[in-house]
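Number of protein chains: 2
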Amino acid sequence: MNALFSDRINDVPRSFIREILKDALAPGTISFAGGLPNRDLFPADEIQAATEKVFRLRGKDIFQYSQSEGLPELREYIAARYRQRGLDVPVSNILITSGSQQGLDLLGKTLVNEGDLLGIEEPGYLGAIQAFALYRPTFVPIPVSEQGMDTDALANVLSGPPVKLIYGVPNFQNPSGVTYPEANRHAVAAQVRATRTLFIEDDPYGDLRFEGKHLTSFYQLMPENTVMLGSFSKVVVPGFRLGWIVAPDALMQKLIIAKQASDLHSSSFLQEVMLQYLRDNDLDVHIQKITSAYGQQKQVMMAAIQQHFPEDVSMTHPEGGMFLWATLPESMTAMALFNEAVKDRVVFVPGDPFYVTPGVIRTLRLNYSCVTPELIRSGIERLGTAIRTLETRG
Amino acid sequence: MNALFSDRINDVPRSFIREILKDALAPGTISFAGGLPNRDLFPADEIQAATEKVFRLRGKDIFQYSQSEGLPELREYIAARYRQRGLDVPVSNILITSGSQQGLDLLGKTLVNEGDLLGIEEPGYLGAIQAFALYRPTFVPIPVSEQGMDTDALANVLSGPPVKLIYGVPNFQNPSGVTYPEANRHAVAAQVRATRTLFIEDDPYGDLRFEGKHLTSFYQLMPENTVMLGSFSKVVVPGFRLGWIVAPDALMQKLIIAKQASDLHSSSFLQEVMLQYLRDNDLDVHIQKITSAYGQQKQVMMAAIQQHFPEDVSMTHPEGGMFLWATLPESMTAMALFNEAVKDRVVFVPGDPFYVTPGVIRTLRLNYSCVTPELIRSGIERLGTAIRTLETRG
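So the protein sequences, as listed, match chains A and B. Per my numbering, the very first residue in the first sequence carries number 1; after that it's consecutive. Per my numbering, the very first residue in the second sequence carries number 1; after that it's consecutive.
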C-alpha cells in the first residue's frame, strides 16, 4: 500500500495539535490549545429562524446542484460589505468556497508548481502550510512580529529568484495575534507591488477587532497583486463551512475550474440559509457581541499573565482575534513547558508546528476565545507555576 | 497573470457541457443534457422535519468545527447499510466527503504522482477526468460497453508498466448507463487482484436500479484492491454535498490528512440533518419512489426512440440510473447532430468530453431523470427528425 502514496501527501506535516492532544487529558484540564470560536456566541436562534424561512419561501431548488461560483446574492452581500469598508470588489471576482481552508487548497491547485517559491509568515498558520505543502512549493519563511512583516527579510527574499506567492494574515494572526501596523502595510505593499508576486491576504479574524482602528487592507494598497480570503466561520458559524476568495478575472476563471474539479460547488442549501441569516440580522451587531466577549477574555488573560508569569516571559498584545503568543526565557523550550504543564492540567499549543524552519522553539500559542474568565485565571496561574518550576529546575 | 498559473490547472479540460450550453437556449428547448436528479422527488418535507428536530434536540455544537473523518453516527449508518448488502465495512474505514467529487480529489491528492498510469473507462465520467487531471496522471483508456469492462484491453493495460489506479462506475455508468455484468466483474477482479493496482469503484447510482438484480461489488470481490466512493446526492439531495470514501487503513490515514488540508471537514450541521433524516425515514422506501419514476421515464424514452429514431442508431439498455447512450451511424458525428438539434430546440451532451482519446465521436448521452414523459416524447421525436435530416443531407 505505502508504495502507492503520492510524494506530495508524504510532504504534509501531520496536525501537530491533533498529535499532541490525542491522548486523553486528565479531568479538569484547562485548555488554551483550542482554535475554535466560542460556541456560546453562535447565533443559533437566528440561524434556526433563517432556516425555517428558507424552507417556507424557497422551492426545492435549494437542494439541487448549483453553480460552482456560489449563490449570486451571497456574493453580492459580500461585495456590499467590502464596499462599506471602502473596497471595490466586483461580484464576478468572488468565489464561494467550503471555508477559507478550501480557498487555500484552490490557490495551491491553480498557482503552485513543484518548487515554486512561496513566502510564508514565521510563525505562520499551520492550515496554510498543510494546504500549500500538497502542491510542493519551497517555503521561504518571512518573520512577523508586532512590527508586522520584517521588511528587511522581505526585501532579501524578493531580491532573489522570483517568489510566486506570499501568504499572510495581517489582522490578529494565527498563531501570534499580531497585526501589521499601518506603516508596515504600506512598506510591504510598496515592495510587493514592484514584483509579479501575488500576496494572499487571509483575513478570517479582521472583523474581530476589540481595540484600536481598522487598518488598510493589502487589496486597497495593491489590488493587482492581492488575492483575499474571507470566511463566515469566525463571525457566524464554522460548521457551515462557508468562505470566499476574491481574485482577479484571469485567476477567477482558473479557480472556478479547480472548484468544479474539487467538489463541484459548496452547499446550495447552506448558502441560502447564510444569506437569509445575513439579510434578517445586522452582522455588525452580532460581531459587537463577539468582540466584547473576546476583548474581555483577552484582558483577563493579560492581567493573569502579569500576575503569575515571570517577567522574562514576553507576550504579544492583540487588538482582536482569538490568540496570544508568549515567548519563554532563553533556557526553556515550549515542548518542555508543555510536558510540565500537562501534569498540572493545563495545555496550550507549543510554537513548533508554526515554523517551516526547524529549530529550538520557545514560543507558544494561548487561546482565550473558548475559555471562561474564571478558567483563564486558574489556567494561567497553573501555567505560571509550571514556568517557575522549569526555571528553578534550570 | 497567466505566467503564474500552475501547469496542472492548464491540463484540466473545461467543462464541455458548460461550454456548449453557455449560450442561452431558445425558449421551449427540451434538454436531455442534464445530469441532475429530479428535483420533484427531493424529500423536502422530511428534510425540513429532520432539520427542525436537530435544532430542537441538539446543542450549539452542530455549528462548531468538527472531526475531519465526519460524524461517527453517520459513518455508522453507512456501515450498517453496507452490512445489509453483505459488505463488511468497518466504520473506521469510512471518511465523509463533500460529495463524491471531493472523494475523487482526495484520491488524486493522496495517490497520484505526475505521470502515474491511471486506467479510466472510455467513455468515462468527465468529473473524474477533471479531478484526476489536476494531479497529472497519464490516462489509459479502457473501453466499457454493455459487456462491461473490455477484459482484453484490461489485460493489455495490466501487462505493461504498473498501473496505479483504475477508475470505474460499474453500475449505470455516467455517461453510458451500462452496468458491468456479473461474470465480467469476476473476470475484471481476477485480473486486478493479481496486481498492486487499486480499483476505484465509484457508485453514486447503484441504488437506483429499476430492473434486474443487484450485482456483486468489486469491494466484495477484492477488498484489498478496492476503494469505494458513495454519495447521498442521487438518493437524497445533491445540495448537501455529502458523500464518502471507503478505504483501507493506511490510505485512510493519508486521506484524513488530505481532507484536513482541503477543507478541514464537511459541514457538521448538514451531517447532523442528514443523519436525522436517515434515522426518521426508510431510505429504501424513498429510493423506491425514485426508481419507479426513473424506470418509467426510461421506458418512455426507449419507446419514443424505437418509434422515431432510424434503425441504425444503437442504444444502451440501462437497468437503473439516469442516462441512455446512443451511437449514431458511421457517417454522422455527435457534434453535427447537436448543431442540427439545437435548431429544433432539443439538446443533449455529445460524447466528446467523455473520451480521453481524441477521435471522431458519434456517441451521445441522453438524460431522462429530469424530463417529464410528455417532453421526453416530443424531444425524442425532434431528435429523430434531426437525425433523419442529417442522414438525408448525407
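Hints are not guaranteed to be accurate.
If several chains are the same, the list does not tell them apart, and a pair holds so long as it fits within one copy or across any two.
What the hints assert, rightly or not - Pairs of lysine to aspartate or glutamate, DMTMM-like flavour, derived with a Cα cap of 20 Å: (1) K343 to D61; (2) K60 to D40; (3) K289 to D344; (4) K289 to D61; (5) K343 to E211; (6) K213 to D284; (7) K289 to E73; (8) K53 to D344; (9) K289 to E46; (10) K60 to D45.
Read the hints as simulated data drawn from the structure, not as lab findings. Values in this document were obtained by computation on a predicted structure and should not be read as measured data.
Each hint, compared with the structure:
1. When the C-alpha separation of K343 and D61 is checked against a cutoff of 20 Å, the pair qualifies neither within a copy, at 54 Å, nor between copies, at 28 Å.
2. Only between protomers do K60 and D40 lie at most 20 Å apart by alpha-carbon distance; the minimum there is 7 Å, versus 32 Å within a single protomer.
3. In the homo-oligomer, the alpha carbons of K289 and D344 never lie at most 20 Å apart, since the shortest distance is 33 Å inside one protomer and 59 Å across protomers.
4. Proximity of K289 and D61 under a CA criterion of 20 Å is satisfied inter-copy only: 19 Å between copies versus 34 Å inside one chain copy.
5. In this assembly of identical chains, K343 and E211 lie within 20 Å of each other by CA distance neither inside one copy nor across copies; the values are 35 Å within and 63 Å between.
6. In this assembly of identical chains, K213 and D284 lie within 20 Å of each other by CA distance solely inside one copy; the values are 15 Å within and 57 Å between copies.
7. With identical chains, the CA atoms of K289 and E73 are never at most 20 Å apart, being 26 Å at best within one copy and 33 Å at best between copies.
8. Taking identical chains as interchangeable, the C-alpha atoms of K53 and D344 are never at most 20 Å apart, the minima being 49 Å within one chain and 41 Å between chains.
9. Taking the shortest Cα distances, K289 and E46 sit within 20 Å of each other inside one copy (14 Å), while across copies they are farther apart (35 Å).
10. With identical chains, the CA atoms of K60 and D45 are at most 20 Å apart between copies only, with a shortest distance of 10 Å across copies and 23 Å within one.
In this structure, the earlier hints numbered 1, 3, 5, 7, 8 are contradicted, and the remaining ones agree with it.
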